[in-house]
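> Here is what each chain is made of, one letter per residue.
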Amino acid sequence: MANKDRLIYRLPDTETLVIKLVGEWDLSEGLVSTDDFAQQLSFNPALKAVVVDGRQLKHWDSSLICYLRSVVSTVAANNLSLEYLHTPEGVLRLIKLADAVPESISNVEVKPGFSLTESVGKRAIHFYQEMSHFTGFVGESVIAFVNFYRGKAVYRRVDFFGFIEDSGPSSLAIVTLISLLIGMILAFVGAVQLEKFGASIYVASLVGLSMAREMAAMMTAIIMAGRTGAAFAAQLGSMQVNEEIDALKTMGVSPVEFLVVPRMLALVIMLPLLTIYANVMGILGGALVSKLMLDITWSMYIDQMMSTVPLIHFVIGLIKSVLFGVVIALSGCFMGMSSGRSASAVGKATTNAVVLGIVLIIVFDSLVTIATTVIGV
Amino acid sequence: MGIVGRDGGGNDATDSSSVVEVKQVVGEKVPHIVIDNLTMTYGERVIQQNLNFTVNHRDIFVIMGGSGCGKSTLLKHMIGLYHPHQGDVIVDGHALWKGSAYKRQQLMRHFGITYQAGALISSLTLAENIGMPLDLYTDLSPADIAELVNLKLAMVGLAGFGSYYPSEVSGGMMKRAALARALALDPEILFFDEPSAGLDPISARRLDDLILELSESMRATIVMVTHELASIFAIANNSVFLDAQSKTLLATGHPAELLQSCPIEKVQAFLRRGEATPERTGKEAHVTQS
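Protein sequences appear in the order of chains A and B. So this note's numbering is basically just the index in the first sequence, starting at one, shifted up by 11. So this note's numbering is basically just the index in the second sequence, starting at one, shifted up by 113.
Accuracy of the hints is not assured; some may be wrong.
[To be verified] Stretch by stretch, here's where chain A covers chain B in the computed footprint (C-beta under 8 Å, at least three residues): (1) 213-222; (2) 269-280; (3) 326-336.
Just so you know, the hints here were simulated from the structure itself, not pulled from any lab data. Please read all numbers here as calculations on a predicted model, not as lab measurements. Cβ atoms here follow ideal geometry from the backbone N, Cα and C, with glycine treated the same way.
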């Protein structure tokens, strides 16, 4: 609807401008511009008063309030007087309400504008604070484990067995699928290359060594970071939102002992077991491809693998899986415990837990690989 | 259906002839929401049954009752979130539940709702929260939406806070921002679930004053679930009292009149915060049974 359908400007004398509000003011028709009003003011410099006449107004909503607020500010800026005639009381009250100075404005810090230097500085400080918190959290976890070892930690055994089930048996299906496929992919890639040199039998060595030393532990850890680590962060983040963690603290219970220790212990126990299982599945996947593509029998495959992949490689894989278990539990629990108190903060904590978990898995894997190379294992 | 102002300058309070007209309309008590034989259940469990009462135009209507009697559940039936087991909610003569889902959606667009904890979307700023219904249900330009958002924020005393996230403001401010979002589409009916829960007395009083002011200036009907006696007596002009034991309403009327003359012990105990009514002490059980 055009402005002219809702407004009529009249000049009864050279000093007064009358704005007649007409008909129905409805938001669905859009807001009314005050450009015409400003034009009237500029064409009539002798104006001293503006009168708003609502006699012909039939229906109004926020669009009228928006228009009149704009008129009020223009009138004030031009030092004119303003009078309302037959304007609904509700309209006047809403304008007054909207223009009232909010009492709380002084209670909240005014948000500064964007500054690159400030933003970089804030991020650096935030990173430092996060690292400090994480280090503190690791320290608290160590103390909690010492208390657990001494039998003084407060936690519920039933929770611990629940986490064992969640981290172990409930993850078998996804670990089976991924490990079997990884073993098959390794064997397939190896078969294509090794067949050219007549060394197809070494597919068994390739799959065995890769799975035992790297892939079984790492892939299982990545699955668990996405599954269990994220779940830990979401659970603890929700507890943070509901102030359950505060309640534990006020009851004198260490949240790290009560919440983190059983989760971490469950993951540290279950991850090596899942890694052993992933090894078996990966080797099985490799054997399947060898049998179908290269006509290598099961016994030949197993004999070749046993003779070329010493037990130490499996041990290194298991050591890694223990470390990965600690890392996943720490990152999931830390992100959950330090989550904000809103729905989006819990989502953010969950995402961060997975990202941090995977990054730490890769970092620790590299460190162990370097260490074992240095000591010649 | 109309929105903020249902009358024009003809009903101006400054115009003496129209004041009478307004009073006559108020005096006629035009029904706005009719609860028609409503029964609410959770699965097999009956929460409240055979509820019948009317909320009139421009009422500030309070749903009262002890904890667990189904006040919030009733509110959720009235706003179209829960399907009644039996009966219906009639809004301006239109059945909310017997009609089509499309019709229900149309009716629900005229509702403004604030939830107990504000229920602002935490990933959006206050301005984005308030602008969302305008963006979804109108064809207004982004500039017009921004202007309306500023108006709504100013109306609830939060001018200048549009760029803040819900987590960055206090509980009272969050509730006012939720009210601004409820006002976004200029609703005819405003529903509040425990508006002052968790607020300090001053913030609660400020919110009550704001609700009262908006109700009077926007001429909206207000339906509120609250336990706060101070709020009930300060702003309500009609109410219903639900009872968990008998699973139905025990009393309806102006809260002050219920306090003065309702003979039912539970209603009196609620309105007097459990204190015995001086003139009924010792004979209350008999009065209630009769």
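> Each hint: holds or not?
Here is how each hint holds up against the structure:
1. Given a C-beta distance limit of less than 8 Å, the hint that chain A covers the segment 213-222 of chain B is violated, as 0 residues qualify and 3 are needed.
2. Residue count for the segment 269-280 of chain B with a Cβ under 8 Å from a Cβ of chain A: 9. That meets the three needed, and the coverage hint holds.
3. Check result for the segment 326-336 of chain B against chain A: holds, 6 residues qualifying (beta carbon to beta carbon below 8 Å, three or more required).
Checked against the numbered hints given earlier, this structure breaks only hint 1.
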